[in-house]
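Those protein sequence lines, which keep their order, are chains A and B.
Counting along the first sequence from 1, when you hit position 417 you're at 419 in the working numbering, and nothing is skipped either side.
Counting along the second sequence from 1, when you hit position 50 you're at 53 in the working numbering, and nothing is skipped either side.
Check before you lean on any hint, since a few could be wrong.
Simulated crosslink set (DSSO-like; lysine-lysine; CA at most 30 Å straight-line) [as the list claims (entries may be wrong)]: (1) K146/A with K7/B; (2) K78/A with K365/A; (3) K312/A with K7/B; (4) K365/A with K312/A; (5) K7/B with K32/A; (6) K365/A with K7/B.
Here are some, though not all, of the chain B residues that point toward chain A, as calculated from beta-carbon distances under 10 Å [said to hold, decoys possible]: (7) V28; (8) A32; (9) V36; (10) L37; (11) L40; (12) H43; (13) H61; (14) L63; (15) A66; (16) Q69; (17) V70; (18) F75; (19) A83; (20) A87.
Bear in mind the hints are in silico, worked out from the structure with no lab data behind them.
Cβ coordinates follow ideal geometry from the N, Cα and C atoms, glycine included.
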Amino acid sequence: MLFPTLVFLVFFVAVVILSALCRNHFQLRKIVLTAASYIFYAQWNIWFCILLALSTMLSFAAGRMIAATEREQRRKIYVGLAVALHLGILAFFKYRDLVTETLNEGLGWINIATEIPFLDIALPIGVSFFTFHGISYIVDVYRKDVGVCRQPLDMALYMSFFPQLVAGPIVRAAYFLPQLTETARSARVPVTAALILILFGLFKKMVVADYLAAGIVDPVFASPTSFGGADLLLAVYAYAIQIYCDFSGYTDMAIGLAELLGFRFPVNFRQPYRAQSLQDFWRRWHISLSNWLRDYLYKPLGGSRGSVLKTYRNLFLTMLLGGIWHGAQWKFVAWGVLHGGGLAVERFSMRWTAKSRNSAGGKFFWMLATFHFVCLCWIFFRAQDFATAFLFIESLGTGWDQGVQQASGLVIGLIALGFALQFLPRRLLDGMIAALSRLPLWAQGGLAGAVVAAVEALGPDGISPFIYFQF
Amino acid sequence: MAEKQSDAIAGQNRERLATPGGVVVMTLAGAVVLLLLCSHGLAEWADRQYPELAPYAHWLDEALAQVGLSAFYDALRSLARMLAGAA
Numbered sequence: 003m004l005f006p007t008l009v010f011l012v013f014f015v016a017v018v019i020l021s022a023l024c025r026n027h028f029q030l031r032k033i034v035l036t037a038a039s040y041i042f043y044a045q046w047n048i049w050f051c052i053l054l055a056l057s058t059m060l061s062f063a064a065g066r067m068i069a070a071t072e073r074e075q076r077r078k079i080y081v082g083l084a085v086a087l088h089l090g091i092l093a094f095f096k097y098r099d100l101v102t103e104t105l106n107e108g109l110g111w112i113n114i115a116t117e118i119p120f121l122d123i124a125l126p127i128g129v130s131f132f133t134f135h136g137i138s139y140i141v142d143v144y145r146k147d148v149g150v151c152r153q154p155l156d157m158a159l160y161m162s163f164f165p166q167l168v169a170g171p172i173v174r175a176a177y178f179l180p181q182l183t184e185t186a187r188s189a190r191v192p193v194t195a196a197l198i199l200i201l202f203g204l205f206k207k208m209v210v211a212d213y214l215a216a217g218i219v220d221p222v223f224a225s226p227t228s229f230g231g232a233d234l235l236l237a238v239y240a241y242a243i244q245i246y247c248d249f250s251g252y253t254d255m256a257i258g259l260a261e262l263l264g265f266r267f268p269v270n271f272r273q274p275y276r277a278q279s280l281q282d283f284w285r286r287w288h289i290s291l292s293n294w295l296r297d298y299l300y301k302p303l304g305g306s307r308g309s310v311l312k313t314y315r316n317l318f319l320t321m322l323l324g325g326i327w328h329g330a331q332w333k334f335v336a337w338g339v340l341h342g343g344g345l346a347v348e349r350f351s352m353r354w355t356a357k358s359r360n361s362a363g364g365k366f367f368w369m370l371a372t373f374h375f376v377c378l379c380w381i382f383f384r385a386q387d388f389a390t391a392f393l394f395i396e397s398l399g400t401g402w403d404q405g406v407q408q409a410s411g412l413v414i415g416l417i418a419l420g421f422a423l424q425f426l427p428r429r430l431l432d433g434m435i436a437a438l439s440r441l442p443l444w445a446q447g448g449l450a451g452a453v454v455a456a457v458e459a460l461g462p463d464g465i466s467p468f469i470y471f472q473f
Numbered sequence: 004m005a006e007k008q009s010d011a012i013a014g015q016n017r018e019r020l021a022t023p024g025g026v027v028v029m030t031l032a033g034a035v036v037l038l039l040l041c042s043h044g045l046a047e048w049a050d051r052q053y054p055e056l057a058p059y060a061h062w063l064d065e066a067l068a069q070v071g072l073s074a075f076y077d078a079l080r081s082l083a084r085m086l087a088g089a090a
């Protein structure tokens, strides 16, 4: 059940009505929202709900066990076991084919005729995200950053809440669980800001991302040698905008939907392509994941506390593992290596480049340099495989005399619009929210309905799945 | 200690708030306007997923087309196809 569909609209209207009916019975409201989240998830595959429930029970039980003892060694064993189990579930679904293939190759080398069969089990959608939620809760309980959750229902809602279930943002327990207490609950909703986020998200996904995918990204990346350098370069820019509009569009909708149901969500994107360094980029792109990697991977590895070389190693390893998380493919390894290596080189060279980053020209130069480095990494991320990514990069230098053949005026306009979004002043959005909020609620809703209809009419036929659903 | 996550909707945009009842009114109004303006989409969806509902969806679509409510959607769709086709 994708957000921009009629089925989801019917589902969401029903949830809003039920949630409002239970506004004075907070426990009942949490039951309704948890049940709705499981119904939402079951639309993909009902068996995935069992996995989600198991993951929830594991996190809940581990949290209780960690909090029940003050003995440090025992707490360490519990947290280690629980995190290993969570990662084991994730690894089973994401990497079992790679392990099976490697084992079969190994058996072949030592002349054993037996072949381990491949298991035909689909990757449960959103498994990474609820695993990350579970791990962050367990580790935070261990670190005493969050109080232990004593209500199974609260844990169930935290892990399954449908706006963030399948592609984030990754909401920390310390941020979400306090919203589930009677004293913290707010019956009032910032409805106009939520609406604007949903509408912007829909536009970014259904118009910008989907047209760019169909218009240039998919055909050019499918056969890079069939196109000249100009089309290839535009396809890379288009993909940079497509993945931004697709993912940030999803996040905007998720945040808006959660707010309409009375829950706050954290910020996940802050105009990432205006970043002037890679470090800055990762503070603006998929913020909830980069913070998760920082707090649960980079810092436990030692962060920047040790020697300079250890800091570079930790940066490199964090991004490498971040790359491998996307999938068991060399192209994602290359993406992680490039980002990790880039961050290390940037940190190393900062003493010489810091001065050049202060002037207006310098800022512009570093913004362009950062964007193009990120684009280079996106080539590996988007290409079918590692070899095709190299072929793509090689082909970028050829066929410039062919001019632009695939990229239409619409595509170039949408790329320009995607860049313009990076520089949209915050006050413009605030002004829109202030202006719209003067209208009565029924008029705001009616206007939003008309905008959704316009977006539906303007977008290409059909809805393509969100890019990050596959991770 | 993990850093605190910051709200996606900033404080100044939380000044004008609605009750859950208000959210219901707004959502219903939005859904009704959307269905009125997107009746073509509703009919296509019914054809694909719920054929038993398709006759009603088509009846609604035709009725709304007669009073001109589909014009907005059709005009925008034609414009988008023209822009995409001009490519």
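Against the structure, the hints:
no.	hint	result
1	K146/A with K7/B	14 Å, holds
2	K78/A with K365/A	45 Å, violated
3	K312/A with K7/B	26 Å, holds
4	K365/A with K312/A	29 Å, holds
5	K7/B with K32/A	24 Å, holds
6	K365/A with K7/B	29 Å, holds
7	V28	5 Å, holds
8	A32	3 Å, holds
9	V36	3 Å, holds
10	L37	4 Å, holds
11	L40	4 Å, holds
12	H43	9 Å, holds
13	H61	15 Å, violated
14	L63	13 Å, violated
15	A66	17 Å, violated
16	Q69	18 Å, violated
17	V70	16 Å, violated
18	F75	7 Å, holds
19	A83	5 Å, holds
20	A87	6 Å, holds
Consistency with the previously given hints fails for numbers 2, 13, 14, 15, 16 and 17, ordered from lowest to highest.
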